[in-house]
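Novice: Model the placement of chain B on the given structure of chain A, informed by the hints.
2 protein chains.
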Amino acid sequence: MNIIDGGVTAPKGFKAAGVACGIKKNNRKDLAIVCSEDTAVASGVFTTNVVKGHSLQVSMEHIKNGFARAIVINSGNANACVGETGYKDAKEMTELTAELLQCDAQDVLVNATGVIGTKLNMPSIRSGIRSAVNALSSQGGSDAEEAIMTTDLMPKEIAVDIELQGETVRIGGIAKGSGMIHPNMATMIGILTTDANISRSLLDKALKQCVKKTFNRVSVDGDTSVCDSVFVLANGFADNDAIVKEDYEYSKFVDAMMFVCTYLAKLMAKDGEGATKLIEIQVDGAGDESDAYKVVSTVAKSPLVKTAIFGEDANWGRIFTAVGYSGASFDPNLTDIYIGDILVCRNGAAANFDEAAAKELLKKKEIIIKINLKKGNVSDRIWTCDFSYDYVKINGSYRS
Amino acid sequence: MNIIDGGVTAPKGFKAAGVACGIKKNNRKDLAIVCSEDTAVASGVFTTNVVKGHSLQVSMEHIKNGFARAIVINSGNANACVGETGYKDAKEMTELTAELLQCDAQDVLVNATGVIGTKLNMPSIRSGIRSAVNALSSQGGSDAEEAIMTTDLMPKEIAVDIELQGETVRIGGIAKGSGMIHPNMATMIGILTTDANISRSLLDKALKQCVKKTFNRVSVDGDTSVCDSVFVLANGFADNDAIVKEDYEYSKFVDAMMFVCTYLAKLMAKDGEGATKLIEIQVDGAGDESDAYKVVSTVAKSPLVKTAIFGEDANWGRIFTAVGYSGASFDPNLTDIYIGDILVCRNGAAANFDEAAAKELLKKKEIIIKINLKKGNVSDRIWTCDFSYDYVKINGSYRS
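Protein chains in written order, with full-length UniProt numbering: chain A, 1 to 400; chain B, 1 to 400.
It is possible that some hints are incorrect.
As the list claims (entries may be wrong) - Derived CB-CB ranges, DEER-like:
id, chain 1, residue 1, chain 2, residue 2, range
1, A, 251, B, 64, 55 to 61 Å
2, A, 333, B, 65, 23 to 29 Å
3, A, 343, B, 1, 53 to 59 Å
Stated by the list, open to error - Here chain B is said to cover these stretches of chain A; the calculated rule only asks that three of the stretch's residues, wherever they fall, bring their Cβ under 8 Å from a Cβ of chain B:
id, segment
4, 24–34
5, 47–60
As the list claims (entries may be wrong) - Stretches of chain A that chain B covers, calculated by requiring three or more beta carbons in the stretch to come under 8 Å of a beta carbon on chain B:
id, segment
6, 71–83
7, 382–389
Bear in mind the hints are in silico, worked out from the structure with no lab data behind them.
By construction, the Cβ of each residue, glycine as well, lies at the ideal position given by its N, Cα and C atoms.
Extracted from the complex, chain A is given alone in its bound form (with noise of 0.2 Å):
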């Protein structure tokens, strides 16, 4: 496997853009359009959210029929809460992308990341449409990557391509997250493209086998968003023989996947809004896998913790606490916890531990927590990141 250039518009026959038509503030770019060159299959995960976006839900519709050819995105509105107006609207971004790329509107999908509650202001997203579209290339991809961000730091894209059978297939991804980010999906929209010929069921069932492991294990502040999303589009352009079966090909594939959606997720978490430094908490001996995201998830999502990280002070007590109520059942008397290699707590109790060297470790900018409950064999872990002055600012005034 090799990691190259190109992000969603690596893999053959994908064209991305990205505009600014005027939705965020000081002409940054604010609509993407990724699009195949021929209908693609298609698969996607979606937020858990009872509330949900109103471009979510006609995506959700889209999708079904197992194909897309084209996705459009516009980011500094969620199109979430405004009534019918915003599903109407919705529908319209995928008609008048369908209408120019020349397909069906049913497949094209459609998302929004922003603010809740504002309806969209149609004529800048009209002219923006028709702008992405006329701008599409297959140098695209960083264009339509910058165009999801919100408050990200970073722009997070990655590609890499395998050999299966002699051809050589690619996967790219790009993916926005920064706050309201914690499993089962959040603000995150993830896009995945590539062009292995697969069949939908498999495409499918790698999306969801990647997404729990990456996506679904990545905490910034415990809060759900409405407009959560991943989607992948598989357009065959890379001529291997169609993965039909669970083989040795299609494992190879799922490999790459998860190395994207890895790289992306990690991505993430690194880039939280207010973020200083990427956590990673790993559990090892829980009794089952429920109890094991339990205390992973627990630990991630407590402020506690996040902010004596922030601090960088082995206040370990605060982990051991979060284990206490994470609903997972095990004997404290047996609890180990690292920092790092420092072992901080021995069978539930403090561990005498050099307090210089657990300050010089988390001074990092990556930070590994380990947990052991030594109760049975199941491991999980999860990435997150610390709580800072620049989170509580950032969310403070957000909609200014």
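Specialist: Same frame as chain A, but now just chain B:
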């Protein structure tokens, strides 16, 4: 019912003291004793965290017989997660207090609040207990309150009297809160005293009723700690006819206890770490109690809601989003949301409201958010606070 002075020493037959013994820095008070002149019936409610502080474990054993004379509490060190020593030290604290008060160690309760994972400095604790017993006085309620505070900025004490069949009965209370506060129980400690003559079973019932609606309806950061507890001691010194059934006198007693607990609970939210505002989240029209609780607790925990309120931003989309992922069953298209008296979301969509008026309202120190699900007829409410720079500051350097 009248509000009276004296806190936990307002009821007849109670003394208290708070002294500095060197656990906290800068000669701040850190050891409190509250005691009844004679054995009192006693009840307690404890943290649901699987990890429990050693002192708390001793109290849970000692309160089983339903009686207590005194409670000894240190602040600055949680006496948690330090291994066997922690249990032994807590036992010794009850034994020494009992010896000096000439009672049974089983009748002494003990608790601790502060940093986790550090052993108690027992020479300091011993001298503190001796000084505190010497200092016991019927005017000592406020000193005891001061000695249980950690990052609290405001002392939390109150007392009331009521008349039960011609006799005056008093209820007093003190509490500490601040961070790591969330149902059920948190880093909080509450002590209630009363001179009422009441059976153990009704005292217990009254306490659980009050805690459920007050202390278990406060959330600062969603973290529940390992030391949380509320104790009540009733010594019968008021000479009222014993309350032994759920009659008019009982309900009058519960109302007064509810008033005391509500006062202390709201003060805990208002004084949450870094708080600049007290926020009350109310839900109406929920289908059942569980859904009602899910809604208010999820909104109260959302860092995005709490930072928006800190920023005085009427970002109701975040409130609606939190309701959406709360797990409660409801129809988003029926939901109304109010900030104060301003309807900001009607039937799941943005209402036309005056942003300037909302901004003005959010400048106040006490904010009410109302959510109406229009599904059933169950209501609930919770108190929380906003999330500020100071929360991050306080918790980034708690141990330093």
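Novice: A range of 53 to 59 Å was offered for this pair. Does it hold for the Cβ distance of residue 343 of chain A and residue 1 of chain B?
Specialist: This hint holds: roughly 55 Å between Cβ atoms.
Novice: Can you tell me if the segment 24–34 of chain A counts as covered by chain B, using C-beta to C-beta distances under 8 Å and a minimum of three residues?
Specialist: violated (count 0)
Novice: How does the coverage statement for the segment 71–83 of chain A fare against chain B, requiring three or more residues with Cβ below 8 Å from a Cβ of that chain?
Specialist: holds (count 5)
Novice: Please check whether residue 251 of chain A and residue 64 of chain B have a Cβ separation lying inside 55 to 61 Å.
Specialist: 57 Å, holds
Novice: In terms of beta carbon proximity below 8 Å, does the segment 382–389 of chain A have 3 or more residues touching chain B?
Specialist: Coverage by chain B holds for the segment 382–389 of chain A (3 residues, Cβ < 8 Å).
Novice: Residue 333 of chain A and residue 65 of chain B, beta-carbon distance inside 23 to 29 Å?
Specialist: 26 Å, holds
Novice: Within the assertion that chain B covers the segment 47–60 of chain A, do at least three residues meet a Cβ-to-Cβ distance smaller than 8 Å?
Specialist: holds (count 5)
Violated hint for the displayed structure: number 4, the only one.
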